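Here the protein sequences come in this chain order: P and B.
My numbering puts the first residue of the first sequence at 676, with every later residue one more than the last.
My numbering puts the first residue of the second sequence at 676, with every later residue one more than the last.
What the hints contain is simulated information worked out from the structure, not anything from laboratory work.
Keep in mind it's a predicted model, so treat the numbers as computed, not measured.
DEER-style ranges, computed between Cβ atoms: (1) C967(P) to P1085(B): 36 to 44 Å; (2) V789(B) to P1085(P): 57 to 65 Å; (3) I1068(B) to E945(P): 48 to 56 Å; (4) R820(P) to N860(B): 25 to 33 Å; (5) V789(B) to V859(P): 57 to 65 Å; (6) H684(P) to P827(B): 48 to 56 Å; (7) A1084(P) to P821(B): 43 to 51 Å.
All residues carry an ideal CB built from backbone N, CA and C; glycine is no exception.
Protein chains: 2
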Amino acid sequence: MATWIGDDHGSGFTLDFLPYGIFSTDNLDARIGVAIGEYILDMKALTQERVFASIEFDHSTLEASTLNCYAAAGRKIHQGVRELLLELLSEDTTLGPELRDNEDRKKRVLIKMVGATMHLPMSIGDYTDFFIGPYHAQNCTDIFRPGAGLPPNYLSLPVGYAGRASSIVASGTPVRRPKGQFVVNKMPTFGPCQNLDFEVEFAAFIGQGNDMGSSIDVDEAENYIFGFVLMNDWSARDIQVWESTPLGPFNGKNFATTISPWIVPLEALEQFREKPVKLVKRLPYLDEKKECSVYNIPIHVSLEDESGKYDMFKCNTKNVLFSFAQLLAHHTAGGCPMRTGDLIATGTLSGTSRHELGCLLEASRNGIESYEMEAIGPERQKTSRSFLKDGDIIEFRALGFGSCVGQVAPSV
Amino acid sequence: MATWIGDDHGSGFTLDFLPYGIFSTDNLDARIGVAIGEYILDMKALTQERVFASIEFDHSTLEASTLNCYAAAGRKIHQGVRELLLELLSEDTTLGPELRDNEDRKKRVLIKMVGATMHLPMSIGDYTDFFIGPYHAQNCTDIFRPGAGLPPNYLSLPVGYAGRASSIVASGTPVRRPKGQFVVNKMPTFGPCQNLDFEVEFAAFIGQGNDMGSSIDVDEAENYIFGFVLMNDWSARDIQVWESTPLGPFNGKNFATTISPWIVPLEALEQFREKPVKLVKRLPYLDEKKECSVYNIPIHVSLEDESGKYDMFKCNTKNVLFSFAQLLAHHTAGGCPMRTGDLIATGTLSGTSRHELGCLLEASRNGIESYEMEAIGPERQKTSRSFLKDGDIIEFRALGFGSCVGQVAPSV
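Could you put the whole structure together from the sequences, leaning on the hints where they help?
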């Protein structure tokens, strides 16, 4: 379907996606926008001009400075607004006077993306990080416990842990190399992390929550999801390895997590559906009716330093053992309440080949090897990394999601 | 120091403590109160009647329905308000006309505690649970990995993990027995938890936070703490044991955490200071100048069922390897931001003897033995538990903190 807005210049911000975000400009306070082509559609202004009047819901939810209230309005409302936006923006719209042919309104509500600042799209209550990438899990086992095999629970349930919500930042925020405690020559020591890494992940924002003590049925679970973002789970491997027995990662992870600023609604991803890797029969509470419950979305990873920009990895959201519906069914099985704005992430999305990995830990075998990359551009020069250097810019991109980017700042 | 308010009837709500909480009654919306004797002092009403006019700060922080804004005001303000309250309430007050001798005002601002409902005192962003009880850690090791010794990092850093904030509830909220996945006869299965347990903990609420990328100096860290509560970290042991390799506890913990409703300010606990157990020299970032950095506060644990109320354990907040100042210095060492309302807990506070344990896992050696208790009262009948039964009421009490109580509701 084509739009009268113009070319998306390869960003994927076409009519297919229409992701939501929170933006501000020099003249506009933080507000909800929808990405289309090179523009952000100002949803606050559109709402105030009563463009959504035909849809019955609390319109003030679209005038807020986070997406929480709108996300909580439920899928039916999101579908209705999306349909109206599709009609409003499509080349052969029947609503021309509402926007396409209304020059004054276009000036007011179509904001050039290049001049806008993007913010965290939701106020995040709890953040959960899973570990459902089977190739990632196998590689980690091979590195840290060679010959040990995957943990006995690994195929039976989605292994996960609670992450830190306070250090989740919007794409573009610099990430300071953390200091911490790790072991050098068998002695605990304190200093700047020596093994700084990233992790390519995919994450869902919760729209509607569940009450404490209730659980979410696996076949209903998608209705609780508002949409998806790319996520970089920055990791300090030396700190993490030393601290995480027996209770899991802590300071090795809680210093920063970056998300892409645009939340792609669940409705936009139907075309990418795919069957998950199924290795065992699931217990009934995880046995979903839907066959194609995961997504096939490539995520391109690049590294940029003063010498150039390098093509690093190509991961994929399909490299998981469980769907988001299964993650939610498991997470709430004991009655744990989800709240609007909670974030649920997959864990590292490594694939089977060396160029499909999702972190340097795997590519360098915990720093033993160096991973070589080729520059994007005509010169095709090379660089390599075992772990990240200060100044490195790590960027994840996926069509329609925009960019999840962060630069490593030196320790203070 | 005595108060004109009257007897505290053994609750410990004397002038020494003056804890803050959020209460409501049939006639009053949720608001800040201070516990004194059998009463709650209505801080919203007192503020509106300009009783705190002599202290310069944003007085609207005391008119809110959570303690977050007031907690963020900083220690100097809290000290000032506390001094004024001490003067206002002491037997030989020089401020008699302000309250003691003002019958009208007394009627308005002194609310009978027995008729009030207590709520969560803070809006909680992130919740961190540590594992710094050395006797608890040793007992767990003996049960699950006999002969293995403590983890190698255990003495060198405070081991901890992120917990679930959405399922933290105020004392009195029923706790539903969670369903979940665990192993029976070597097969993963799904059903109501068979090994339901509690954990006696002590927790601090953050007052002022730190910026992302900055860290909190160990000798400054107490200034970031608003006050303390008792905490019950309900635990589903069968679920926890199966799920927690390699990333730590998840559904075994995230179904419920209960806190006592009254936050005892840091200032009130000076009299309980004690030296922590020091087993090794700390790295400099954890090496605090203050010697007596932990507290000696007994916590009494009782179990009540239809047959009576039983004296179960007597734990103590001193059974820890690290102070809260050290916990905060470690937690923020890598730049992790604390926010007002974040909750930091010690982990289980077991002591050295059988009657000083902090959970049934230890007392029953993971369900192998039965732990016998004697009833409180003249009949001194006995009962025993390996793990909790439906209907059991678990209560923690400490002088001046009130009660942290929850009843086990059956699975649905």
